[in-house]
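Peer 1: Got chain A sorted already, so can you dock chain B onto it with the hints?
Number of protein chains: 2
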Amino acid sequence: MAYVSLSRLRVPAEHADQLVTAFRHRAGLVDAWDGFLGLEVWHSDRDPGELIMVTRWRDRDTFRAYMRSDDHQASHARIDPELDAVIQLERLEHVRTYEVVAR
Amino acid sequence: MAYVSLSRLRVPAEHADQLVTAFRHRAGLVDAWDGFLGLEVWHSDRDPGELIMVTRWRDRDTFRAYMRSDDHQASHARIDPELDAVIQLERLEHVRTYEVVAR
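Residue numbers (the working numbering), protein chains in the order written: chain A, 1009 to 1111; chain B, 1009 to 1111.
In isolation and in its complexed conformation, chain A is listed as follows:
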C-alpha cells in the first residue's frame, strides 16, 4: 500500500523550534522524486526534545533510490552549520521502515 520511513531525532529542547523552522523551509528536493508521497515532522507533546520525521513512499525501491541520491546529500548539506552541530552533538537517530498494511 505504501512504504514509510520514520526517523526519530533528539535535540536539545531549546533548539527544537529551530529544527522545525528548518524543516518548514526545506529545499523540497525530495518532492520531485518518483515514488515520494509526502513528508511530515512530528513534535512530541510530552518530550520537547523529541521529533520524528516521517516520509512516505510508493515502495521500498523508490525510498532507497532517493537515499542514495545527490539530492538527499544536498538536502542535508543545506542545514545551518550551527544548528547541525547542536543536533549532531545530542541527536539520537533511529531510522526504521515499515510497510503500510492496513487503514
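Rather than coming from a laboratory, the hints here were simulated on the basis of the structure.
Every residue gets a Cβ at the ideal spot worked out from N, C-alpha and C, and that includes glycine.
Some clues are possibly wrong.
Stretches of chain B that chain A covers, calculated by requiring three or more beta carbons in the stretch to come under 8 Å of a beta carbon on chain A [claimed, not checked]:
1. 1020-1033
2. 1042-1051
With the C-beta cut set under 8 Å, the calculated list includes, among others, these residues of chain B facing chain A [said to hold, decoys possible]:
3. 1060
4. 1086
5. 1105
Peer 2: The following block gives chain B in isolation, referenced to the frame of chain A:
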C-alpha cells in the same frame, strides 16, 4: 496542523498476520468520531514482530475524548480472545503522541 497517536505493538512474529487481519476487519467505530482523521497500521520490514498503529486527529482534545469513550473500549473488547491472549503475553506497547509541525 494535526495530532498523531503512535502505538508500538510487539507480537510473536507468527501472529503478526493475524493481527493485521484483525485491523483490516476492525469494527470502524472510531471512524465516526469528531476529529478522527485516519488510522494506519505499519509493519516493520526488518522485525516481523513489530507493528505500529498510527491514528490521526484534529487535535489533542478529540483524541482524548475518544480514548475515554465506550467505543474505544468496545473496539478492544472485540479482538479474538485467543489472539488477544497471545498479544498480551508478549506485547510491549508504547503510546506516544505528537503534534504535526511541518509538512
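Peer 1: Indicate, hint by hint, whether the structure satisfies it.
Peer 2: The hints, checked one at a time:
Against chain A, the segment 1020-1033 of chain B contributes 3 residues with a C-beta closer than 8 Å to a partner C-beta. That satisfies the three-residue criterion, and the hint holds. Chain A is given as covering the segment 1042-1051 of chain B, and this holds because 6 residues of the stretch bring a CB closer than 8 Å to a CB of that chain, at least three being needed. Interface restraint check for residue 1060/B: the shortest CB-CB distance to chain A comes to about 6 Å, inside 8 Å, so the restraint holds. Against a cut-off of 8 Å between C-beta atoms, the interface hint on residue 1086/B is violated, since the closest Cβ of chain A lies about 15 Å away.
Below 8 Å, beta-carbon pairs count as interface contacts, and residue 1105/B has one with chain A at about 5 Å; its hint therefore holds.
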